[in-house]
Each structure stands twice: as structure tokens, then as C-alpha cells.
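**Student:** Both chains are sitting in their own frames, so use the hints and assemble them into the complex.
Chain by chain, the residues:
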Amino acid sequence: MWNAEVTAMIFKGIWETIEMSLFSTLFGYAIGLPVGVLCAVTDKGGIHPNAPLYRVLDFIINILRSIPFLILLILLIPFTKMLVGVSYGTKGTIVPLVISAAPFIARMVESSIKEVDHGVIEAAQSMGASNWTIIRKVLLGEARVSLIVGVTIVFATVLGYSAMAGVVGGGGLGDIAIRYGYYRYQADIMIVCVVLLVVLTQLFQAAGMRLANRIDRRRA
Amino acid sequence: MATGRAEDSQNRSSRVKSTGAAFFIEESRKAKAAIAAGRFRSGMAHIIEVKDLCKTFETKDGTVEALKDISLDIDEGDVYGIIGMSGAGKSTLVRCLNYLEKPTSGEVCVEGRKLSELSDRELRSMRSSIGMIFQGFNLLMQRSVIDNVCFPLEILGRSRTEALQKARELLATVDLSSKEKSYPAQLSGGQKQRVAIARALASDPKILLCDEATSALDPQTTQSILTLLRRINHEMGITIVIITHQMSVVREICNNVAIIEDGRLVEQGAVLDIFTHPRSRAARRLIVEGKDPDEWNGETEDKPEAGQAESWNGAARQKDILKEARKIRIVFTKNSSFEPVIANLILQFGTPVNILRVDTRDVGGTAVGDMILGLPDDEKLQESMVEYLKNRGLEVEEADGNVER
Chain A
1 MWNAEVTAMI FKGIWETIEM SLFSTLFGYA IGLPVGVLCA VTDKGGIHPN APLYRVLDFI
61 INILRSIPFL ILLILLIPFT KMLVGVSYGT KGTIVPLVIS AAPFIARMVE SSIKEVDHGV
121 IEAAQSMGAS NWTIIRKVLL GEARVSLIVG VTIVFATVLG YSAMAGVVGG GGLGDIAIRY
181 GYYRYQADIM IVCVVLLVVL TQLFQAAGMR LANRIDRRRA
Chain B
221 MATGRAEDSQ NRSSRVKSTG AAFFIEESRK AKAAIAAGRF RSGMAHIIEV KDLCKTFETK
281 DGTVEALKDI SLDIDEGDVY GIIGMSGAGK STLVRCLNYL EKPTSGEVCV EGRKLSELSD
341 RELRSMRSSI GMIFQGFNLL MQRSVIDNVC FPLEILGRSR TEALQKAREL LATVDLSSKE
401 KSYPAQLSGG QKQRVAIARA LASDPKILLC DEATSALDPQ TTQSILTLLR RINHEMGITI
461 VIITHQMSVV REICNNVAII EDGRLVEQGA VLDIFTHPRS RAARRLIVEG KDPDEWNGET
521 EDKPEAGQAE SWNGAARQKD ILKEARKIRI VFTKNSSFEP VIANLILQFG TPVNILRVDT
581 RDVGGTAVGD MILGLPDDEK LQESMVEYLK NRGLEVEEAD GNVER
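Residue numbers (our numbering), protein chains in the order written: chain A, 1 to 220; chain B, 221 to 625.
No wet-lab data here; the hints were simulated from the structure.
A portion of the hints provided could be inaccurate.
Derived contacts from chain B toward chain A, CB cut-off under 7 Å, selection only [what the hints assert, rightly or not]: (1) 344; (2) 352; (3) 356; (4) 358; (5) 362; (6) 606; (7) 608.
Fair warning: this is a prediction, and the values are worked out from it, not measured in the lab.
For every residue, glycine included, the Cβ atom is placed at its ideal position computed from N, Cα and C.
Same shape as in the complex, but just chain B (with noise of 0.2 Å):
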């Protein structure tokens, strides 16, 4: 097996022990959650909604095709994830949520207000009302931390002595009172970013756009900005769209979550179910193999280039071993994990089974277990194997060598 892909399952198991550890605050936020989904399902109306919306830029080259019919709808509320490999276009879709970029065609509403019918005076109002925040922070660099804070505030219009109040109070929600007097430039990566989601919130926004806004950060800094995120979620009711092409962030913060390749939306849905039943080939890399965006390229074929490293070696030796039986994807939720499921499968049986790879990871603040098991050849021993184990309440699908559909 690759040694890389073991120590990434242990990573990820140790951490979700210590999510475990803080049982009773995530039992809160999966019931306020539960909440949230019941009032979406009651026909609470979309903060967002885009339609058909395709994106096309001129370039020396010729045309380039950044969005091809994207259409999806965003719940008041929620913490949607979009999610894609650099160059998907994904970047351009969240630059169209508030009209950085105008679609080629197509509609983006929101609040109920279609984009393309406001003037540019309402069109700057509406954007006041939606925040924003950026891999690269996109501070001023000239100006002092509060001064950044109260920005958008005298775009507003507002006084400065109001303007002064409410950037003390958001200072104040992302722990960085202290820094008031201190420029952009003395600040570490975090703080900038928590910097940049104050200032963000000032104007009152009820969406928040985070372009990869923790794609610049070290993976523990990105806890804490993910942390602030979650609670603004929920302490103010933000909506939060998240661009990102890290999986863990997705699993970590959002409820949803779009996947686009190619500038095309090839699947979207709550992340459980997406995270239990994967459809897409984008979707089934992004889970079954564990693999964020960034890693797909050049992997869409069974056989690795000549002359790759020595770790794709591993990887094929991995894939021909998978190969070898007919194999299923388990998966295990809170509900399944307390029979040792598989020991009692080989009992019952008197066969052994193959565990070809096992993962524990954090979805949303749930812990879900991801195994994949190789059977028996016998098709009949096969059949009421797979059998038992849904009688255990399992997810069981079937998991062919190549991963893709």
C-alpha cells in the first residue's frame, strides 16, 4: 500500500478523536443545523440563485469557455461550498455573484433581484450587502488596521465616529483588539485574513464570498479562520459561499456543496450525501481517492506516464491490487459504528475479506468512516455478503478499480 496515503488516513482519524472530544458543542451544532435544514425545506426563498449562467472571455487565443450553463440555488443561511481545480472557473463564479464580472448569459438573483436589471448605483448598494473575502487578503496596505475595518464604512457614507465604533466592535469578534494601530504589513497571514473578514462584515453583509480565502493559509491557521467562519455562520445568520479546492474545508464548514470541472457543474448536494453516494468522476476522486482538485491532473487515465517518480509506482501497485476482486465502498456513519461489523462478517462467513483502505473523516462535524473491502470471489458468498452488510445498515456501493463511472 502507499505509505502516503496511510499516514494521510491517520492524520485524518487523530483529528477527527479530538473533534470527538468536543462531543457536546457539535451535538449543538448538528441540532441548530438540523434546524437550519428544516426551515430550508419549508420553502424559505434562496438568497442566491443563478441560472443558466455562462461566462466566455476574448483572449489573443481566441475563446475561452470559463462557465458553461452553471445553474444553483443557495439557501439564507447556508455554508455553500463550491469546489474545483485551479482554471474550473470557479473563481469566475464567484466574481459573478456580485457582478465583478457580468455573465456572457444567463441570470444571477439575489435577495429575488436579478443582477442584470440594477443600475449601477443599485448594483453598488447590493454589493455593499454582500461581503468579500480573498486568498490574497487585498488589504490596504497604507492604511492601519481599524482604518482598513472602517473602509467600507465611509463608502457608506457613515460618520467617522460611528464608522470607528462598529470596526472596534468586529475587531473585537475576530480577536484582534490589540492589533487597532497596527498596518497590514506587521500582521501574519491569519490575522490578515481575520483583518479582511472584519472589514468584510462591516457594511452588515447577509452573504459572505470567500474566494479561497484559506488557500494562502498553513493548515492550523486555516482551523481558525474555518472556526470564525462557522461561527459568523451562525451567530449572525451570514449565508457563506466558500470557493475553495481543498476537500477538508468542504467537509469541515459547508452544509453544500457545488463541484465544478471545466467550467461546467457536474454535481452538487449536501455534503453527507455527496460524501456518501459520490456520482460524478469529479465527485468519486474528490472522495474515494481522497484527492483535492490540485491532484487530478494528468491522473484521468489508468496508466501513469513513463518515467513518473517512484510514489507512482506505489500508486499503480495500489490500483492493480484493487483491481484484483470485486470490491465495495463502505460506508460507516454514527449510527453503524458500534458492531464491530466487519469481524462478525468474517465470522459469519468463514471467510476472510480483503480491507483494501480504510479512512476516518470529518464531514461537517460528523464522523463517517470510508472503507473499502475486497471479496471473495465466490459470487454467491459475494452477494450475501454484501447482503449482511446492508441488513447492518450500511451504505454499500460497488467501488470498480477504476474509480471513475
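Pulled out of the complex, with its shape left as it was, chain A reads as follows (with noise of 0.2 Å):
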């Protein structure tokens, strides 16, 4: 049953991961990067503190995040076929992906930048900085590395994500494995599908915090 059109499909599969992955990861930060500095600078102790404009952002989070994947990925079939045509496949992945995603992302993101130290921004502060300066290059430059990990993990979850949306029928490594490992008893095919994915997220999180840490500064 090992012939070369199951490993094109494979071969395949693990381009269209790879596309799912990358492209939600990307969408994602576009929404949740802005978010997450916005949440971190209105939040008590941020450079521009907006107590209800955080709520209501902390409340959204909270809810997009509490919703489970799989159901995420159903109910939003009608959005999914209204903004790209289709519900199936890597492009109607892509966007369950990234609404599961961003809300993920803009907590690392928060989080990563509420770990500047205070004392720097508050420096740049009495240089005559403004919000924006400080934004720009105190919190996301120094928070860096601490971003880069991040994506790291946001990219390795979501990868884990876009197996799940092989359920209904979203293409990449995942879909491959539930159709032929789940649906037709094809183990073989699953084992090397899954096998496939750690080895993918191995490589990705290993070149992130390679990247992290060559270029951390903060080590004598």
C-alpha cells in the first residue's frame, strides 16, 4: 500500500501543515500583537491606563479562549465561507485558526511585555518619549526575546491545532491521519503522519529559541 502517490499525499500533507501553520501564526499576530501591547498598555500600571477599554479587551480574550477548538472550527462555518468561499480545506482552516489563535497570542504578547522592567520605561519617559517611541522601541525591543519565544509556542499550538481541523476535512498531516489511520484502520499511515508532526515541532521550537537566545543581550 506504500506507493508513491501516498507519499506525494504525504509529502503533500506536510506542505499544506506547514502553510496552515504559517499563515495562521502570521494572521494571528496581526490581530493579536495589537491587541496584546493595547491590553498591556491600558492595564493598572501600563503607560496609558484605560481601565474599561481593558475590561471589555480581557473579556473577549477570555471568551474566544474558553471556547473550545473543535467547536470553534463548526461554529464558524458560516464566517469561515462568507470571508474565503470555502469551510473545508487549508484556506477554511486558516481562519478557525487564527480566531483561536489571536486571543492566545495577545495573552503572550501581554504578558511578555508586561515583564519590561518599569524602571527602563519610565527612563525613556523622562527622556520626553512619547507613548508610541515607548511602545515601539523600550517595550517591544526590550520584550524580544521573550516575544520570540512566544511564537514559538504559538506556532507549535497552532500546528497541534491544525491536525485537529483534519476533522472536518482540513487538509495537512492531521487530516491524512484521521482519514486513513481513523477512518480506514490504516495505522501505518497514521504513526507516520503523527511522527511527522513531533518532528515539525521539534524543528520549529528548537530554531525559535535558538533565535531567542542569540539574540538575548542580557547575558554577560
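**Tutor:** Take a look at the structure:
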């Protein structure tokens, strides 16, 4: 049963998984990064406290984060169809992945930014820096190691979630594993897919941590 | 006598001696200070004016009054110290000077402009003319030394080449040119503070605020940072405001000082005046007892709490001795230290006096002697002795058993 067709399918699956995870992480950050920064900035003790705004953002993030991904995937089908035309395949999976990843990313970003030493922010304020400058040059700059570690964690999580999308015909390695391993009892194909998912996760995790360590200047 | 105190004064004396070796430098410094003092008196505007400043914080446990009715003026070119124990509100006070903290009431004027009337943009541009350094250095850890110094210039929108040139000049000023490409984590505390000073100077400020800038440093490094600050004050004419809890820092470089206790300004004036005539309880503790504010805790009462450490007994015993007879405090300045006054006093009256404490300290580059004498019981004799000392040009004042007033 191992023929060129299966091999090609698995290679396609690898690519689809990477594609989904990469784009979902990317779009997730497009939403989650600004929201996370906004949370850190508007929270009590931030550089521009705004309690009502923070409470609203905090509430939305909590709601979205408490919906299980599998449910969200199904709940979002009409929205996904409206946005990209289809509710299955790689394109159809990226939409719920982004919606699910964005609040998670926002929380990661918020906590990374809150780690920045308040004294350094105060120093920048004493130099006459505007809040916008402080966000760009101090908050994001000083938190960059923690942010990159965050990206690595988010990517691994999204990669795992993308496999779940196989349930609704989402494409990628997870889809193959479910279709062949679960529905057709071809455990060997499933095992290969799972091993590949593990290898992918490990690779990205290691690359992310290496990068984070390399750009960290806090060590003597 | 408490041996700790004796050792302490020995240390101080030896330091003064070494200062004496640099006599000529000190002389020229004093001359400059005198010129500066003359300039203040001729009605030069105050660069910082604080009027009736109050600051309260709302906390879970209610309202905390951090600052109460503080008014003070700082002259251009001055080195002004603000001393008090931690929690006295001095850090809040210095943050009100650049509006990092907005006062609850009262007014802060910098270069004649009321900070409360400035728009956000104007306030930011005002802040860039007020440099600030901190106890924790607060450098950007992910930026190299040179990029840290460039940072304020980036904020001002200067070009990279201009910023780099300026930053290199300043690193040369603080003697750190060789560390240009290093990162803060690779530097010692003193080096980090030098980078912070270079960074604070990058925007050509007129004022430098120092918030406990030497508190995290060892005595030797503190000396070198103070020397650097003094040089900056003299060579660049930058007004320096120093927040500290160490009297030695104030003595070392400040011309004027304000003493803050429990959010109130209890005494202010020229360091030498306060040193020779401390009036407030806080000042007397700083100067007569030689205690830094962080040593004040629990010592406001005469009797130490039961169960205190052995050294307490020593201190208490010393206080008992100090209570015995009438005591006077004499301050020797340069003019009065040529004649062996005490020896002559004893010869003159044929009665011994009890030398209870002697100390020599460096006050703004001037060696000042400080002695507490216990006089004989005879009141007439006491009066004549005081008279004798006053006639020799010495500052004489009563030092009652409990140094509080």
C-alpha cells in the first residue's frame, strides 16, 4: 500500500500543515500583537491606563479562549464560508485557526510586555519619549526575546490545532492521519503522520529557541 | 565609647587627609563655587521653583500623603541635595520635578515655565532638557552601550550619524569609549551608571536629576561617580539635583541641601551652614550623631527597646556619659584649626575638659572639625570657657544630652 501516491500525499500533507500553521500564526499575530500591546498599555500600571477598554479586551479574550477549538471550528463554518468561500481545506482551516490563535497570542504578547522593567520605561519617559515611541523602541525592543519564545510556543500550538482540523476535512497531516488511520484503519500511515508532526514541532521549537538565545543580550 | 563610632571617624579623618593632598584643586574649586555663589546672590533666576507641592496617593489602605507643602528653589548651576530616609517622599519629589508624577496640588516651575500648564507635547520637549539617572541604572538591556546613549537622540529625531557622533563624544567624557559595543549586562555597576550619565547628557540638558544614583554602588565607585558629576556641573554648567539617603554624598558635592522627613521639608540651606548650625531634629541627627537617615529607625526615643543587640548597650552607655555635664559642640573650620585651642583652653583655666567626640569631615571640599566637649560643673567656669572659645572664632553651640531639640 506504500506507493508513490501515498508518498506524494504525505509530502503534500507536510506542506499543507506548514502552510496552515505559518499563515495562521502570521495572521494571528496581525490581530493578536496589537491587541496584546493594547492590553499591556491600558492595564493598571501600563503607560496609558484605561480601565474600561482593558476590561472589554480582557473579556473578549477570555470568551474566545474558553471555547474549545473543535467547537469553534464548527461554529465558525458560516463565517469562514463568507470570508474565504469554502469551509474546508487549508483555506477553510486558516480562518478558525486565526480566530482561535489571536486571543492566545494577545495574552502571550501582553505577558511578554509586562515583563519589561518599569524603570526602563520610566527612563524613556524622562527623556521625553511619546507612548508610541515607548511601545516601539522600549516595550517591543526589550521584550523581543520573550516575544520570540512566544512565537515559538504559538507556532507549536497552532501546528497541533491544525491537525484537529482534519475532522472537518481541513487538509494537512492531521487530515491524512484521521482519514487513513481512523476511518480506514491504516495505522502505519497514521503513525508516519504523527511522527512527522512531532518532528515538525521539534524543528520549529528548536529553531525558535536558538534564535531567541542568539539575540538575547542580557547575558554577560 | 562605642568603638564603631571611633572607627568611623577615623575613616573619615583619613579621607579628609587625602583630600588635603589635592589642596590646589580644591582651592580652585572653592573659588569657582564662590563665583557661582555670587552669581546666585545677584538675583539670577531659579532654574527650578517648587511651591506648596503636595502629593497624595490613593491606596487600598486609604490616602497616603507622600509630600506635604514642599517649597524650594534651586539656582542655576547649583548642586542641590535632597536627603531623607527611604519612604520620606524624596523619590516622589524628584519625579514631580519632571512631572513623571503629577503633584496633587502646588506648582513646579522649570526655567520659569509652569509644568502644569504645558501640553503633553510641550512637557515631553521640556523633559528632554532634564536628564535623569536612577539607582537601578535603567539601561535598555537589549541595546549596546552606544545605542543606549543614542536613544534620547532617536527620540528627538536626530539622524543616525549625528547621534553616533554625539554619543561617542559623551562616552569619551564618561571614560567608556572602549565599551562602545558592549551590552549593559557585560558592565559593572559603576560602568552602567556612567553609561546612564552619558545617555542623560545626550540631549544637552540644563538639569540632571539623580535619584539615589550611587546607592547601589560601593564606596569607591560612588566616589568616582560623584567626581564625574562634579566635573559635569563645573564644565558643562548643568544644574544637578541629587536625591540620596547618604549624608556623605551631600557633604561631598552639594552646595545646598533640603532635608525631607515624613513628606515634609524640615530644613534647607547651604550645606556648610546646616553643618555648622543644624536646627531641625533630622539635621541634628544627620550631623551631630552622624547617622544617615536609614539608621534613624527606632532611635527617636532615648531608651532603646529591650532585647536590642549588644551594640545598643554601647550606644546607650555613650548617651549616659553625654548626659553627665554641660556639653557644647564646637565646629572648627579652616581658619580656626591653626591654634591648639583645646590645649590652650585647659592651660588657661587650669581645669580639664572632657572630649566626648571628635570628628573631621569633608563638607563640599572643606575639612570641618566637629567636637563635643563636656565642661566642668562650675557654671561660672563654663561661661568663661564658652566665651574663650567664641573669642577664638569658633562656632559654639549647646549639645544637650538628647540631641533633639
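**Student:** All hints, please: hold or fail.
**Tutor:** Taking the hints in turn, this is what the structure says about them:
1. 344: 4 Å, holds
2. 352: OK, holds: residue 352(B) within 7 Å of chain A, min 4 Å.
3. 356: 5 Å, holds
4. 358: 4 Å, holds
5. 362: Holds, about 5 Å.
6. 606: Nearest chain A Cβ about 51 Å off; hint violated.
7. 608: Violated: closest Cβ of chain A sits about 54 Å from residue 608(B), beyond 7 Å.
Hint compliance for this structure: hints 6, 7 are not met, and every other hint is.
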